[in-house]
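Enquirer: Model the full structure from these sequences, guided by the hints.
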Amino acid sequence: MIDQEPGQDHRIVVGVDNSAGSAQALRWALAHARLTGGSVEAVTAWQLPPVYASAYGWTPTGIDDAGIIRYAEKTLAETVAQVQGEDDHPVSITTRVMEGPAAQVLLDAGKGAELMVLGSRGYGAFSGMLLGSVSQYCVQYATCPTVVIPK
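The sequence shown begins at 1 in this note's numbering and counts up by one.
A portion of the hints provided could be inaccurate.
To be verified - With a Cα cut of at most 30 Å, we get these calculated BS3-like pairs of lysine-lysine:
#, residue 1, residue 2
1, K111, K151
2, K151, K74
3, K74, K111
None of these hints come from the bench; they were simulated from the model.
Expert: Okay, here's the thing in C-alpha cells:
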C-alpha cells in the first residue's frame, strides 16, 4: 500500500450504469483502491427523458421523480453488492445518485478526485462504437486522470 500524503484526495470515482462494462470498471477501481489506499465512490446518474421535461420545468403528473430515484438507487446498490460479493478483500464503497446527464454528473463528481474509472460502453444509442459517448466525453473533459476499462 502506498502512503497517503496529508490533504490528498485518494478518491476514485466510478461511473455505474447497470451495464457489464460499468461492473468491470468497479472491479478495477476496487483493485486499484486496495493497492493505493484510495476510497471508491460509485456514481450513477438519473434524469427524466427529454420528452417529459420542458423549458418551463413542467412534467406530466404521471411521472414520479421519487420512483426514478429509487430505481437508480436500487440498481446502483445491486451492482455494488454483486461486485463486492465477488471480492475476498472488500474495499469500502460510497454511493451517490445524482440528477443530470451522465457525462456531466461524472465530471462534477470527478472534481478533486484522484482518478475516474469508466466502462468502455454502456447503454448509449451507438452501441457499436469503440468508446461510449459518456466515456469519450469524460476522457476529453475530466479534470482528473480517467481510465476506461475495456470489456
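Enquirer: List in ascending order the numbers of the hints, as given earlier, that are violated by the structure.
Expert: none
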